[in-house]
Amino acid sequence: MSQHMSESESEPRRDADRRVSSDQHGETLIEVDDLKTYYEGNDFFGGQPVKAVDGVNFEIARGETLGLVGESGCGKTTLGRTLIRLEEATDGEVRYDGTEVTSLSGSDLKQWRRNAQMVFQDPQSSLNDRMTIGEIVREPLDVHDWKTPRERREHVRDLLETVGLQKEHYYRYPHQFSGGQRQRIGIARALALEPEFVVLDEPVSALDVSVQAKVLNLLEDLQDEFGLTYLFIAHDLSVVRHICDRVAVMYLGNILEIGPTEELFENPANPYTHALLSAIPEPDPTVDRDRIILNGTPPSPRDPPSGCPFSTRCPAKIRPEEYADMDDDVWEAINLFRVLLDERARADLSIRDRVREFRGKNVRFDEITEVRSELFGDLDLSADVERHVDQAQEYVEAGEFDRAREYLAEEFDSICDREAPSLCTVGDAGRSSACHRHDDEYASPDEEL
Amino acid sequence: MMSVENEFDDKTLRERIAENPRPAMLWVAGLVVLMALELGSIAAAVLRVGSVVKFAIGGIANTPSWMAGFVSESLGSIGGTIAYGLTALALLVIAAIVVKWLFVPFSIVDRLGLELGVGKADVVERAIVTAVVGVVTLLFVATPLGAAVDAVIGALTQGLESISSLQTLTSRETIPNQGYQLPDGSWEGTWLGLSPAMAWGARVLLIYAYAFGLLAWFWRGYNVFRNHYREADWTPRDDSVNRFRNHYWGVFGFVVVFVFVVMALWAPALSPVTAEANLYSPYEHEVQYYDEEIEDVASIPHGEANLETRSVGGDSNVGLMSYDKYDRFHPAGTNQDGKDLFTFLAYGSQVSLVIGLLATGLMTLVATALALMTAYYKGLLDLLTVVVSDSIISLPRLLVVLLLSVVFMEANHPIATIYDGGLLLALIFAATGWPLLWRAVRGPALQVAEEEWVDAARSYGQSPVETMKKHMSPYIAGYMLVYASMTLGGVIIGVAALSFLGFGVQPPTPEWGRAVYEGRPYVPTSSWHTATIPGLMVVFLVTAFNALGDGIRDAIDPESDASGDEAGTSAAASGGGG
Ligand code: SF4
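So the sequence lines, in the order shown, correspond to chains A and B. The opening position of the first sequence corresponds to residue 1 in full-length UniProt numbering, with each subsequent residue numbered one higher. The opening position of the second sequence corresponds to residue 1 in full-length UniProt numbering, with each subsequent residue numbered one higher.
Bear in mind the hints are in silico, worked out from the structure with no lab data behind them. Just so you know, these numbers come straight off a predicted model, no measurement behind them. Ideal placement from N, C-alpha and C gives every residue a C-beta, glycine not left out. Please note that the accuracy of each hint is not assured.
Unchecked claim - What follows is a set of in silico ranges between Cβ atoms, one per label pair, in the way DEER data are often shown:
1. A:Thr148 to B:Ser77: 51 to 57 Å
2. A:Asp208 to B:Gly379: 35 to 41 Å
3. B:Leu381 to A:Asp390: 52 to 58 Å
4. A:Asp208 to B:Arg237: 27 to 33 Å
5. A:Gln391 to B:Gly379: 45 to 51 Å
Take these sequences, add in the hints, and give me the full structure.
Following this line, the structure appears as structure tokens:
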């Protein structure tokens with residue numbers, strides 16, 4: 001463990017040297033290398049792990065704020081928790097100031113924890129109601145045996161003022177505070193050990209809109225004052241735009257696009273980013289924009305798609321050459337059909353169903369004909385397509401699900417289903433996006449959408 | 001961020017008291033007066049605790065030689081010596097863990113500035129403490145230091161013994177109720193010449209007045225602390241206390257339980273006769289009475305007198321609140337042996353409460369520790385505990401308890417002799433009862449383990465044990481209290497049922513269940529009280545514990561009184577508008 005450790009042990013470094021470093025954006029503080037966090041299923045008898053974070057790479061520079069956005073369940077919170085070692089990484093590396101963090105243990109880990117703290121999402125749940133505010137904010141100092149008890153109490157009072165509360169609140173209980181005030185207490189606790197890196201897990205999403213801005217301003221002020229580095233997790237894009245230097249867009253455990261905030265907002269590269277942005281209500285009603293409506297929900301992280309994680313819902317999914325000029329609606333219907341089949345195949349079966357299946361009875365998708373007419377009913381299918389769909393339906397009726405899926409895959413799979421796209425540079429400000437459409441071979445997402 | 005020393009008061013409790021000593025002094029003065037009245041009993045209690053501790057330490061100190069003897073029987077003297085050494089070392093290590101936990105809150109390794117690896121630091125820490133404990137032990141055993149300490153303890157004991165012989169306010173001797181009636185109707189030997197019934201009643205009144213006075217004084221002490229010395233002007237506990245005070249059913253339960261606890265604590269003074277004379281050796285104690293035939297005062301052993309005063313139905317009956325022919329007063333009549341039933345019941349409440357509290361305490365301890373650990377670590381530990389507890393729950397409990405107690409008693413196991421089998425019963429009930437308690441708090445425990453403050457504690461490196469203690473246990477303690485108080489009733493009934501079946505606590509130790517069992521044949525006769533009164537006692541006590549549990553549950557559960565809670569919190573902190 002390098003000097004950094006011993007340094008942080010001795011004296012909190014909040015002063016000059018930190019302020020300097022905060023000004024020089026660019027020096028890397030955190031490097032994440034192919035990080036994976038899987039949860040074993042609750043099942044004691046095997047079963048697929050949940051791939052909450054499935055191989056992400058990025059860096060955070062000292063003093064910057066990286067936003068992490070995505071729908072709920074995309075693994076962004078797990079990623080944040082893995083960075084500060086609240087979850088165990090399954091694979092990959094996290095380097096903090098050059099120190100590999102995922103393998104730390106025992107007192108090394110405890111020492112390192114001073115550097116990285118977290119502000120939690122729910123101000124109701126993040127403060128222990130049975131302790132006074134003073135005890136809550138002081139606990140990290142007690143754990144690390146920071147200076148003398150008297151100095152700790154003073155430090156806590158100073159912190160309370162720093163986050164906009166009063167010294168007198170030391171002996172109050174969390175019950176006596178509003179949500180915004182409670183979040184300020186949580187922030188004070190996170191800052192008690194004078195960390196450099198703070199993970200903000202949707203810090204304002206549980207607050208009233210009127211309070212959100214105040215807390216965000218506080219966070220920005222604190223960043224300036226102490227030279228903090230933030231990972232700002234959010235599902236609310238407008239908040240992100242307000243506070244972040246750079247943004248990473250996460251979907252199903254993968255980062256699909258990452259880059260400077262303004263550029264990403266002005267000119268999104270990845271189809272998923274397009275979709276997310278189009279969901280923000282346009283402040284200017286005169287601007288007419290095509291909203292992209294995404295079908296269905298993200299697939300289960302237990303069993304993500306084999307190719308591009310977004311392929312099951314992507315409105316810009318690349319088509320096989322034969323079907324290049326197929327009608328959009330037909331293409332969409334076919335994709336939906338395949339997703340439904342996949343979901344059915346994955347659905348957990350009850351024991352009774354399993355027995356029935358064992359006896360050769362078709363237990364799922366009895367309603368195949370209905371699905372078929374619902375999806376393709378009023379569409380004009382070409383003879384070819386009609387034939388394929390019929391064939392698939394036949395397999396399903398015979399209970400041969402996997403065969404039906406394979407059959408459709410063979411016919412309609414494109415590169416999006418087969419290969420996971422890797423991040424490639426787009427634009428000219430260090431932005432990258434993971435999509436096959438950035439290959440010159442294909443039309444770019446912009447043109448397609 | 002300037003440092004602002006002393007701008008805000010930052011004082012310890014002692015400093016705060018020093019600043020405004022009046023309320024505290026007043027309260028302490030009152031307490032001293034109350035205590036002085038009972039100095040003798042307090043000294044006696046200290047002596048008793050001391051002798052138990054001494055007995056326990058002696059037992060522990062003997063284990064190495066016991067082990068050595070045990071092993072050398074089979075493996076020869078070298079094996080014996082090795083066993084002696086190993087056992088002594090094991091004991092030292094255990095003692096060191098306790099000492100470290102109780103007296104050394106800091107890390108010695110850190111203080112010494114030793115640079116050690118992760119796992120090693122803990123081991124070295126233990127080793128240091130063990131060595132220190134070992135050296136101290138050696139000093140005691142091998143040097144005159146041990147003798148000196150012995151002498152000091154001896155002197156202390158003597159001092160306490162002389163204090164303990166002081167008369168106390170609430171003792172039998174202050175208001176004697178035993179006497180005899182002369183033909184002219186006057187009483188000899190009783191307090192102020194009152195009738196034994198009146199004297200006894202006065203004593204009971206005095207005892208309860210004293211006990212409730214003491215209780216009230218402690219409540220006052222809490223209020224003094226709250227008003228004058230506590231830093232926080234409001235805590236969540238205040239709301240709970242207020243809710244409990246307005247919960248009449250719960251307060252009723254509390255009062256009844258308190259009445260029974262006082263009965264158990266003051267059993268020697270409350271009973272009209274001493275336990276020795278009544279229960280244990282009736283033929284060695286005599287009672288004086290006025291014999292009309294010889295027209296003079298005569299005396300007769302209690303045992304013989306009892307033959308004449310049995311309550312076995314028909315003409316042979318001494319009912320409630322009556323005198324027998326030897327002028328002995330029986331508030332609850334006599335039992336089928338002619339002994340005073342009230343004495344039996346008062347001492348019986350000791351037995352019931354001690355077994356009940358001991359069993360429930362052990363159960364609670366095990367269940368709490370397991371609930372915290374299974375909720376924090378989950379996974380395999382949780383699964384294992386589920387399997388074990390389910391297996392225990394699936395057994396018919398009373399049958400298992402019966403079986404175990406019979407086995408241990410027949411084998412004359414040393415445990416079965418302590419407290420006439422009471423300890424054994426408590427252990428058996430605890431061993432079969434913890435799964436129910438664990439089950440009851442598992443849900444709440446899992447729920448707090450999911451709270452973000454537990455994650456927060458982990459994120460700054462709080463140790464698992466501290467996290468469980470500080471951040472989880474307060475949230476299940478309330479539930480524990482509720483379920484424990486209800487379980488306590490179950491244990492009391494269980495013990496009574498066992499005794500009723502003829503197992504359980506053996507005579508002559510008084511136990512309510514046995515009284516019910518032995519008095520059962522006379523329920524339809526004029527001596528109905530012999531079984532009914534003890535039965536009612538069980539019902540009362542169990543109901544009271546349930547009521548107490550109800551009250552506590554409603555007090556800790558703010559949902560039960562949401563509006564009141566809101567009012568309490570509206571003292572919300574102003575300023576720092578966030
Ligand atoms: S790789 Fe294909 S499916 Fe994935 S985002 Fe790009 S176009 Fe859509």
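Against the structure, the hints:
1. A:Thr148 to B:Ser77: 51 to 57 Å: holds, 56 Å
2. A:Asp208 to B:Gly379: 35 to 41 Å: holds, 39 Å
3. B:Leu381 to A:Asp390: 52 to 58 Å: holds, 54 Å
4. A:Asp208 to B:Arg237: 27 to 33 Å: holds, 29 Å
5. A:Gln391 to B:Gly379: 45 to 51 Å: Distance hint for Gln391 (chain A), Gly379 (chain B) holds at roughly 46 Å.
Consistency note: the structure conflicts with none of the earlier hints.
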